[in-house]
Amino acid sequence: MKRIVINLVLIIVAFTIQNCVFPLIPFLSASPNLLLILTFSFGFMGGQRAGMLYGVLAGILLDLFYSGPFGFYTLFYVYVGYVNGICTKYYYEDYITLPLVLSILNELAYNIYVYVFRFLIRGRLDVMYYFRELVIPETIFTVVTTLFIYRLLLYINRRLTEFENRRDTTIV
Amino acid sequence: MESKQNQYILAGLTVFCILLIGITAVNDEWLAPLRTGVGYVLIPIQSGVNKVGVSIYQELSDYGQLKGALEENRKLQEEIDRLTEENNRLMSEQFELRRLRELYDLDQEYMQYEKTVARVIANDSGDWFQVFRVNKGSADGIQVGNNVLAGGGLAGIVTDVGAHYATVRSIIDDSSRVSAMALQSTDTCIVAGDLTLYKDGRLRITGIRKGGDIKEGDRIVTSNISSRFLPGILVGYAVDISIDSNQLTSSGYLVPAAQFSNLQEVLIITDVKETEDPEG
Numbered sequence: 001m002k003r004i005v006i007n008l009v010l011i012i013v014a015f016t017i018q019n020c021v022f023p024l025i026p027f028l029s030a031s032p033n034l035l036l037i038l039t040f041s042f043g044f045m046g047g048q049r050a051g052m053l054y055g056v057l058a059g060i061l062l063d064l065f066y067s068g069p070f071g072f073y074t075l076f077y078v079y080v081g082y083v084n085g086i087c088t089k090y091y092y093e094d095y096i097t098l099p100l101v102l103s104i105l106n107e108l109a110y111n112i113y114v115y116v117f118r119f120l121i122r123g124r125l126d127v128m129y130y131f132r133e134l135v136i137p138e139t140i141f142t143v144v145t146t147l148f149i150y151r152l153l154l155y156i157n158r159r160l161t162e163f164e165n166r167r168d169t170t171i172v
Numbered sequence: 001m002e003s004k005q006n007q008y009i010l011a012g013l014t015v016f017c018i019l020l021i022g023i024t025a026v027n028d029e030w031l032a033p034l035r036t037g038v039g040y041v042l043i044p045i046q047s048g049v050n051k052v053g054v055s056i057y058q059e060l061s062d063y064g065q066l067k068g069a070l071e072e073n074r075k076l077q078e079e080i081d082r083l084t085e086e087n088n089r090l091m092s093e094q095f096e097l098r099r100l101r102e103l104y105d106l107d108q109e110y111m112q113y114e115k116t117v118a119r120v121i122a123n124d125s126g127d128w129f130q131v132f133r134v135n136k137g138s139a140d141g142i143q144v145g146n147n148v149l150a151g152g153g154l155a156g157i158v159t160d161v162g163a164h165y166a167t168v169r170s171i172i173d174d175s176s177r178v179s180a181m182a183l184q185s186t187d188t189c190i191v192a193g194d195l196t197l198y199k200d201g202r203l204r205i206t207g208i209r210k211g212g213d214i215k216e217g218d219r220i221v222t223s224n225i226s227s228r229f230l231p232g233i234l235v236g237y238a239v240d241i242s243i244d245s246n247q248l249t250s251s252g253y254l255v256p257a258a259q260f261s262n263l264q265e266v267l268i269i270t271d272v273k274e275t276e277d278p279e280g
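If you read the protein sequences in the order shown, they are chains L and H. With our numbering, the residue at position 56 of the first sequence is 56, and numbering never jumps. With our numbering, the residue at position 15 of the second sequence is 15, and numbering never jumps.
Quick caveat, the hints were computed from the structure, so don't treat them as lab data. Among these hints, one or two may not hold up.
Unchecked claim - Simulated restraints on C-beta separations: (1) A11/H with M128/L: 55 to 61 Å; (2) I18/H with R49/L: 18 to 24 Å; (3) I25/L with Y237/H: 28 to 34 Å; (4) L8/L with A11/H: 22 to 28 Å; (5) F16/H with Y95/L: 44 to 50 Å; (6) V116/L with I45/H: 31 to 37 Å.
What the hints assert, rightly or not - Covered stretches of chain H, going by a simulated chain L footprint (3 or more residues, C-beta under 8 Å): (7) 74 to 81; (8) 177 to 191.
We put the CB at the ideal spot given by N, CA and C, even for glycine.
Model the full structure from these sequences, guided by the hints.
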C-alpha cells in the first residue's frame, strides 16, 4: 500500500516536472519523457501487474491533460507496463544495461505510436524529418535521464523492501 | 496462472481504452466533470511547481544575464535614440490615422473585445504537440473556442475547459488551422501549423486564390468568414509567397506576431464568435 502511494506521488511529481519545469529551460531543445521512464521501470522491477497499474495511472494523467481522444495514452502506457513486466525475470539490481536498452526501445515505440496515429493518419509523410528533429534528441535525453532516475528508483525500492521486511518481522 | 490472468487484464484494459477512444473521438463532453475533478487536485500542484520553477529559473538567469545586460544596455541606448526619432514620426502618423479613421468610421472592432489575463502553468513537454494549459477556466468565464492572444498576436484557441484551468492549442500546433485574410487586400487564405516548419518559427499559408494579392510582408489577420476566430486579430506577416504547381492557388509562409518561446502570460478573449457551424 505504502509502495503504491509513493509510486503514485512519484508519477504525479514526474508529470508536473515534465509539464511545468522542463518547458521553462530554454537550452533544453528536447526533454526526457519522465513518465515513460517511471512506467517501464515499475514494470521492469515489479512485474506485469504493477507495470499495468502504473501504466494506467500515468496514461490517465496524460489523457486528462490533452484534449484528444481519451484513452490514447492510457492504451500505450498499459502496454509499456505489460511488455516491460515480461522482462522482470531478468531483473537484477546492479544490472543497468538492460534498463537502458529497454529505455531506448520504449522511447522509439512511443514516438512511432504518436507519429503513426496522430501524424501519419493526417498524411504527414516526412518521416525522416520527424525522426531527426524529434525522436533522436528525445531518445538521447531520455536514456541519459534513465541512468539517474533508475538508480533513484532502485534506492527507493530497496528502502521500501527493507521497511516491509522489518514490519513483517516485528509482526511475527 | 498469474501470467494468464495478466493477459486477461491486459486484454480487458485494451478493449476498455479502445472503446473510450472511440466514444470520446465522437463526443467527449461527458468527460468534463472528470477532468474538472482531477483538475481540482492537479492545478494547485501545477501552479505551485510552475511558480517555484519560474522563480528559480529567473534567479539563475538573472545572474547569467547580468554580463550580457551591460552590453545590451549600451545597444539599447542607441536603440532608444533611434526609436525616439521613429516615435516622433509615428506620432504624427498616428494623428493622421485617427483623423482618417474618424473620417471613414473604421473603428477597429477587435479593440473592444472582453479580455482576461491568464498565466501559463503547464506546457506539453514533448515536441510532438504545441499545447499549453492556463490557470483560468469556466469559473472566470472562459469557454471552449475562446481566442488566445500573446505578444500582440493570435496565439491559439481554447480546446478544453475545466473549472479553474483551460487547455489551449497554439496556432503553431501541427493540427491548427486558422482561416485568415490579408489586411490590405482582404484576400482569404488558411494559416496552418506545421511541425516541420516549427524550428524556423514559421507557419504555412495555403489556399490563396489565383489573382489574390498577398505579398511579402503583408499583415495577415483572422478573417471575417472564420467560424471560430473573431475577425481582425493579427496573426503574423506573410513571407515567400509563390504560385502553386497547379497554377490555381498560391501558398507561402507566415511569421507569427506572437512569441511562442517562453510564453508566460496570455490574453484570453472571452467573447465567442457566434456561428452555427462548429468546424472551420
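Task: Hint check, failures only - done: 1, 5, 7 and 8
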